[in-house]
Amino acid sequence: MIYCCIAIDYLSQLERSGVREAGMFVDELRAIASSLGASVSTRKTPLVVEFPATGSFHGIQTAEALRRFVSTIATYAPRLRGASMAVHEAGSAEEASSFGDSIRRHDDGLYSFAFSREARESLAGYFAPDAEGDAWSDPLHWTFLADADAGKLFRRPRLAGALAQAIARDAHRRTRLIHLEAGPGARSMESLVAGLDSPASPVLVLAGAKSRPLPFSPLVEAIAAAARYQADSPVQGKTDESAYRYLVSSAFSCGAPESVAKGCTHFIDRWLDRFGSDGGVVVCDSPDRFSPEAVELIGRRLAESAGGERYLSISDGSRFDQWNGPWAARIPFDQARADDKAVAIAEALGTAAGSVREVLSSRFADITGSEKGAGYRGLLAVMPREANLYLYALAVAENELSAPEFSEFAAGLGLKPEGELLVRKLLSRAGLVDPTDTRTIVEPVDKAAIAEAIGPDAAAMIDRLFAAFLIGLYRSGRIRPSLGFLRRVGERAEEERLLYDCLFEEVLRPDRPGHVEPGFLSPSSA
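In this text, residue positions in the sequence shown follow this note's numbering: the first is 1, and each later residue adds one.
In short, the hints are calculated from the structure, not lab data.
Careful, some of the hints might be misleading.
Label pairs and their computed distance ranges (CB to CB) [said to hold, decoys possible]: (1) T54 <-> E443: 32 to 40 Å; (2) M1 <-> E443: 40 to 48 Å; (3) P157 <-> A74: 33 to 41 Å; (4) A493 <-> D101: 52 to 60 Å; (5) R330 <-> A468: 46 to 54 Å.
By construction, the Cβ of each residue, glycine as well, lies at the ideal position given by its N, Cα and C atoms.
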């Protein structure tokens, strides 16, 4: 077990800064420890923090807590009369405390930071191998990227300007659909349109990158996330809304009964009617990746002049042919494609150096469309293991979970909320997840390559625990039974109810299209 002992001369400290500030210092250390999964002794000094040695994320959370301890000590240093921090791997808190006391007695400096040989060996993967002696060195996860940040690649200032001009021009001409060629490369529509959303012209973003194998995706997800319109549903009756809720809870089903699809169509039509009456603009990013049902619904509304919402279609290349018509216009915003990628990549790389800079450069060129390759493979090799574990969990989840649900799953792996923020930030800065929605992986990334990076045992563990988590959501009513869901979690002898629920759902809904072949079923179930 890893322990950290932090000691101050408490009585002398009270003379200098008083009870309040000394107490604030200790309370802040306690809060840091608790937020990253550690337990803390009741004594104020020495403060003994115990870090768990279990869970897939304990290593990086321990290293991050130690870093934050040092940062807090530095912040309070002008108001302290010295402090010592000793990290030791021991069998008990008493043994660790004795080690901390010996360090304090033999160190003449006001401030000291010490790792025992055992602690340094245990945390060898998290600190530089040359970080010896009493000098503090930040952990590797904090330093290896330097100030590199792929988020700068998603800003696309010329594209943002083109979008603003398109919405402003469209407001006067009332063209129903405008298509904009953004050119290849990373873009985050949520951040690009953030300044355009207003009560007078609300914006709904439909991102093809977040589409799921579900009818009407990504419309259903965007509507579910539009909290502004949840309190006052535009649907008069309950039937259509029930169909919509049915579809939202049909994860992994790959389809919906005909009656449900009709009801969901009516619900979305009414929702968009109200959205359009408020002057709403629907931004469709990569519509070629939308579900067929979403494409057909929007195309029909355009052809029939239904509702008043306006549409912006953004894609890498030419206009989306399925929405062509007299209602559509293409504005040649050449400046939208003119963002200087070489300059953006240089800014995103910052002061990153050596082999890390090389793999980041390759990855950044990949996601901006400057080059095509597999730059992510080298990047995965230098990322912290915990970041790759989280990335694999995202790949397994396939955007089927809400943000709170995915965080709940991650917590089951031992990742605390503060630890999750940490690994999300690392993945975002490395260009592996969308900076505005860190549940969405930025392509290209190959799930098999992530599994190779973390090892088959870790991949199998996450697969197993995710299937169990999905079954828990089914038991709570969050996910409806279906053959697609059964194929995802697999037949289980201990889950006989799940098997029959999924089979009867298919049999008792004759209007359900056969999207899932039953060939995966065992002979006894088929």
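Here is how each hint holds up against the structure:
A hinted range of 32 to 40 Å for the beta carbons of T54 and E443 is consistent with their spacing of about 34 Å. M1 and E443 have their C-beta atoms about 41 Å apart, which keeps the hinted 40 to 48 Å range intact. Hint check: P157 to A74, Cβ distance near 36 Å, so the stated range 33 to 41 Å holds. Our hint of 52 to 60 Å for A493 and D101 holds, since their Cβ atoms are close to 55 Å apart.
Checked against the hint of 46 to 54 Å, the pair R330 and A468 passes, with Cβ atoms roughly 49 Å apart.
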